[in-house]
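Chemist: The chain contents come next:
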Amino acid sequence: MTVRVYDIAHARSGDKGNTSNVAVIAYDEAGWRLLREQLTPGRVMQAYAHLAQGPVRRYELPKLRALNFVIENALAGGVTRSLRQDAHGKSLSAVMLTIELEDGR
Amino acid sequence: MRIGTGAGMADDRVYPAVQLLERGELDYLVCECLAERTIARESLDRSRNPERGYTPMLEERLRAFLPLMREHAVRMVTNMGAAHPLSAARVVRRIGRELGLAPVTCAAVVGDDVTELVRRHPELPLMETGEPVESLLPRMASANAYLGADVIRDALATGAEVVITGRVADPSLYLGVLLHRFDWSYDDLPLLAAGIVAGHLLECSTQVTGGYFADPGKKDVPDLADLAYPYADVTRSGALTIGKTPNSGGRLDVMTCTEQLLYEIHDPAEYITPDCVVDITGVELVQEGRERVAVRGARARPRTPTYKAVVGYFDGYIGCGEVGYAGINAVARARLAADVVKERLRIQGFAPSEYLVDLVGMTSLHGDDSRRPEPYEVRLRVAGRCPDRRTADALGDAVRQLNMQGPAGPGAATNLGSREIIAVKSVLLPREWVHPEVVMEEGE
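Chains as they are written, first to last, in the numbering used here: chain A, -10 to 94; chain B, 1257 to 1700.
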């Protein structure tokens, strides 16, 4: 069965220079196991490939059931000089939530 | 003791801070109002008028806050001094007089302006690229170091009711209050960690009380239109609870706190501030009531030997315009219109160095992903990086002219105007080069 990250987690994106970070937080333990196992940096880079050059780094925060993704070169030059409408990338967490994972439960 | 948030950005709402002052039983109010490039803008303002350079909403906020601060014995710390804390301090005192209050004691924090220092050190490497800062110097608009909590502590020690600063690291504004109030050691790492995490959770105002969170049917937020500002209850031993006043708008729970705890964090074991390097990987959030969350387990390592400084520099202009198309073949008409704009600028001899063509409704927020279906209507947005204001204006005009001189069926062709770009890059400065200082404003 396929689940979207949207179904098992919530997310928030933030900016620093030309880098975006997207935190993904599981609603429960089962969701956390799935995220931890399948939401790899490679999978995330693929989802953001048309927006960011990367690389993508992943940090784990088990006590918060959260993954923090740091996506480099994601903001078209950064908040201050980007030509984009969403220069801060505050809408970018929504891309993460569309990623589909295989739920073997 | 209780610290409330009075603002999380320059143009944040004033009313929730008034509510918090009236009902929050606060000891201190902190207003954080400076984004990365804001100081550069305020520096420009100051260069045109030597009395200006502070956050434009300073007066409006102080008029609303000062009488309530007096009534409830609340002191304030704010970075609304921006590029001119001394002038801002004079404004604060003037407003006090105009409101008929007994004189307001105001301490200004200066020393964050490192423009001359950076000019004398063209060899400093930029954190972004490693190249020397030298190439930016002819275009430099401002350079400001992120000061730490120690100077906030010193400013409060003067007894000032209002402490007004330029660039200080956002969470350090909060930690400084705690250093002062509890006489914490500036080397007690667990306490520094707790104070920084408190500041980090509060510094974006409603982003911890239900702002930047709602998704109808999935993550609902009650009274989203009336979001409250948060406060932190902190004990002398560093126990931290985030809360908001009972029955105020929004929500404050483990979910909102987790999102904000990780906001703009990169490596969670290495959140670098001027005061310490915080590790939030051990943090636990515990719901302690309907609108209260306890925060435990933050750790820290000693501060680095440097201050980070942000260098603002002029980086040309951006011109922008928009026009809508709807119905059959709308996307093709929008794309043709974009080609017309570029070609027309070329014919007129204008040369933007870079274009961004977006179809709002398809590609403008999440990029051009070819798998997306065509919507019924789109709005074309053309933005261009331009060497001068004339080129940027011409770009917007060319979009505006699509009203009559482009593809069929344009809707609301608009020149969105040109703007001068102040971009930012960062350098690290040895601590001993920077001299934060407290100046009492006591004139008249």
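If you are wondering where the hints come from, they were derived from the structure by calculation, not from laboratory data. This one's a predicted model, so the numbers in the text were calculated from it and none came from an experiment. Don't take each hint at face value.
Here chain A is said to cover these stretches of chain B; the calculated rule only asks that three of the stretch's residues, wherever they fall, bring their Cβ under 8 Å from a Cβ of chain A [said to hold, decoys possible]:
no., segment
1, 1326 to 1335
2, 1517 to 1523
3, 1538 to 1547
4, 1619 to 1626
5, 1671 to 1682
Ideal Cβ placement from N, Cα and C applies to all residues, glycine included.
Chemist: Take the hints in turn and mark each one as holding or not.
Modeler: Against the structure, the hints come out as follows:
Here's how the segment 1326 to 1335 of chain B fares: 0 of its residues keep a CB closer than 8 Å to some CB of chain A, so the rule of at least three is not met and the hint is violated. Coverage of a stretch by a chain is defined here by at least three residues with a beta carbon nearer than 8 Å to that chain's beta carbons; for the segment 1517 to 1523 of chain B and chain A the count is 7, and the condition holds. Judged by the Cβ-Cβ criterion of 8 Å, the segment 1538 to 1547 of chain B is covered by chain A as claimed, because 4 of its residues qualify and three suffice. Counting residues of the segment 1619 to 1626 of chain B whose C-beta sits closer than 8 Å to any C-beta of chain A gives 6, which meets the bar of three, so the coverage hint holds.
Proximity of the segment 1671 to 1682 of chain B to chain A, defined as three or more residues with a beta carbon under 8 Å from a beta carbon of that chain, is established by the 5 residues found.
The structure fails hint 1 only (numbered hints given earlier).
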